[in-house]
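> Now for the letters of each chain:
2 protein chains.
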Amino acid sequence: MTQSVLLEQIKSKKSFLCVGLDVDQDRMPLDLKDDPDSIFTFCKKIIEATAPYCVAYKPNIAFFEAFGSDGWKSLQKVMDFLNKNYPEIFTIADAKRADIGNTSVQYAKAYFKHFEFDSVTIAPYMGKDSVEPFLSYEKKHAILLALTSNDGASDFQLLKTEGKPLYEKVIEQSKKWKNADRLMYVVGATKAQALQKIRTLIPNSFLLIPGVGVQGGSLEEVAINGLNETCGLLVNSSRGIIYASNKSDFDQAAGEVSRGLQQRMAIHLRQKGII
Amino acid sequence: MTQSVLLEQIKSKKSFLCVGLDVDQDRMPLDLKDDPDSIFTFCKKIIEATAPYCVAYKPNIAFFEAFGSDGWKSLQKVMDFLNKNYPEIFTIADAKRADIGNTSVQYAKAYFKHFEFDSVTIAPYMGKDSVEPFLSYEKKHAILLALTSNDGASDFQLLKTEGKPLYEKVIEQSKKWKNADRLMYVVGATKAQALQKIRTLIPNSFLLIPGVGVQGGSLEEVAINGLNETCGLLVNSSRGIIYASNKSDFDQAAGEVSRGLQQRMAIHLRQKGII
Chain A
317 MTQSVLLEQI KSKKSFLCVG LDVDQDRMPL DLKDDPDSIF TFCKKIIEAT
367 APYCVAYKPN IAFFEAFGSD GWKSLQKVMD FLNKNYPEIF TIADAKRADI
417 GNTSVQYAKA YFKHFEFDSV TIAPYMGKDS VEPFLSYEKK HAILLALTSN
467 DGASDFQLLK TEGKPLYEKV IEQSKKWKNA DRLMYVVGAT KAQALQKIRT
517 LIPNSFLLIP GVGVQGGSLE EVAINGLNET CGLLVNSSRG IIYASNKSDF
567 DQAAGEVSRG LQQRMAIHLR QKGII
Chain B
317 MTQSVLLEQI KSKKSFLCVG LDVDQDRMPL DLKDDPDSIF TFCKKIIEAT
367 APYCVAYKPN IAFFEAFGSD GWKSLQKVMD FLNKNYPEIF TIADAKRADI
417 GNTSVQYAKA YFKHFEFDSV TIAPYMGKDS VEPFLSYEKK HAILLALTSN
467 DGASDFQLLK TEGKPLYEKV IEQSKKWKNA DRLMYVVGAT KAQALQKIRT
517 LIPNSFLLIP GVGVQGGSLE EVAINGLNET CGLLVNSSRG IIYASNKSDF
567 DQAAGEVSRG LQQRMAIHLR QKGII
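Chains A and B, in that order, are what the protein sequence lines are.
Sequential numbering of the first sequence, starting at 317, is according to the working numbering.
Sequential numbering of the second sequence, starting at 317, is according to the working numbering.
Hints listed in this document are in silico derivations from the structure and should not be mistaken for laboratory results.
Hints are all accurate, no fakes.
Which copy? The list can't say, so a pair holds if one copy fits it or any two copies do.
Distance condition first, Cα-Cα at most 27 Å in a straight line; then the derived DSSO-like pairs of lysine-lysine:
| no. | residue 1 | residue 2 |
| --- | --- | --- |
| 1 | LYS480 | LYS492 |
| 2 | LYS360 | LYS455 |
| 3 | LYS349 | LYS425 |
| 4 | LYS349 | LYS429 |
| 5 | LYS476 | LYS492 |
Full structure from sequences and hints, please.
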């Protein structure tokens, strides 16, 4: 999917919401306990309830991987369901991959060719040749970790290097890579103050913002500091949406929370003149 | 597996060789082209031929992941085969994982509980809480990327931060984490000069050294600069071993290359007084 198609979706749904599919079997609604493929059933119901209010889905690969090949079968079913029924919705493999070049080629093949995701999250530590294989696919995107939402972000990402924090160096360097226009960036919602500075470095790039909700980030701060003229934001909520209820109304509850977030997002999109 | 059990293997086989299973279907021996599970068959034959000469196997997860759930089924078969027939051999999931805490918990579950690997390679960018979940398992190990073998290593890992390169900060910080004695580190063979300095920072830790062979690293330089009193090295070769021949003698050829490396390693182990 191109970024302009994504922007059309954002305008049409008045939303820049991404729903994170972190499907924890320990938190599965009681109704699904006996379902032979509860992971897929759960995702399907969450998707059907939230699709009117979001523009992206972000399966968290670890939660599928924990079940080995069975988990990957469920992931395949989720992606087939999404690509068949909601081809207009942007998909993000939250996988935090990257390795030496010939290995990143294989990871890119997994997410872009096999599962047909639109994008995948990427860890920057191994540098240019570990990321470029993900940038060689037209209409696909690598979403590079810049400044993450967790406590450990301060261990290395904030270290001063050549007078600026490491995450700024990551952003600056990455802009020089081949097909850099296919890059997006992860910036944690808990780091809203840094967004202003980040916007000066990458005014036009899309940012994936996790950490709203359970992790404590503020949607309003993120919108004020992060929105650009073409939106440029995908704000993710996972647990706050998919575990809004653990009873049989879990999908309805997820839909309601999503709708609430969408409505708050619409206000910001209007204020910014995007819709 | 504990590090002392690993050391016993090293002494008994007179080897610190790790065989990397980077199973590229495009480079599969012609004989296996029609095998319905050529990935597993290839790995099985390579393992049977090389097991006398190596102390560790390192499946490269990307090459399995590229085939979705079928690839993960093959990985399961490879791990079942290894754990059943060669329980004394150390296994490394070369996966370069790490994410926020609750997600790293799931990755640790995948590799340590589901597949029963002894260790997994980990990317450090997200810091302490992204790594510690991998350190909470007894007799299991997280192998943290320090200085990698690829060109892109210079993009961020060599950046000066507080007067020293980032990879040294990664090593220093990681030593403070909970159960840090379960950490090992990745140091590329192409960076042999840095090994001396790294040994002053972590004199007792095991280092996983990829990059000997196709990537151009020298086994001799690595041994001279990296061996400690209890060996402390696992030197990996992937393509140089598993693609030594692409004819029907591919397993025999892999065994011969492994034996050659083992014999050179034995000389270094003797010189160091370990055997």
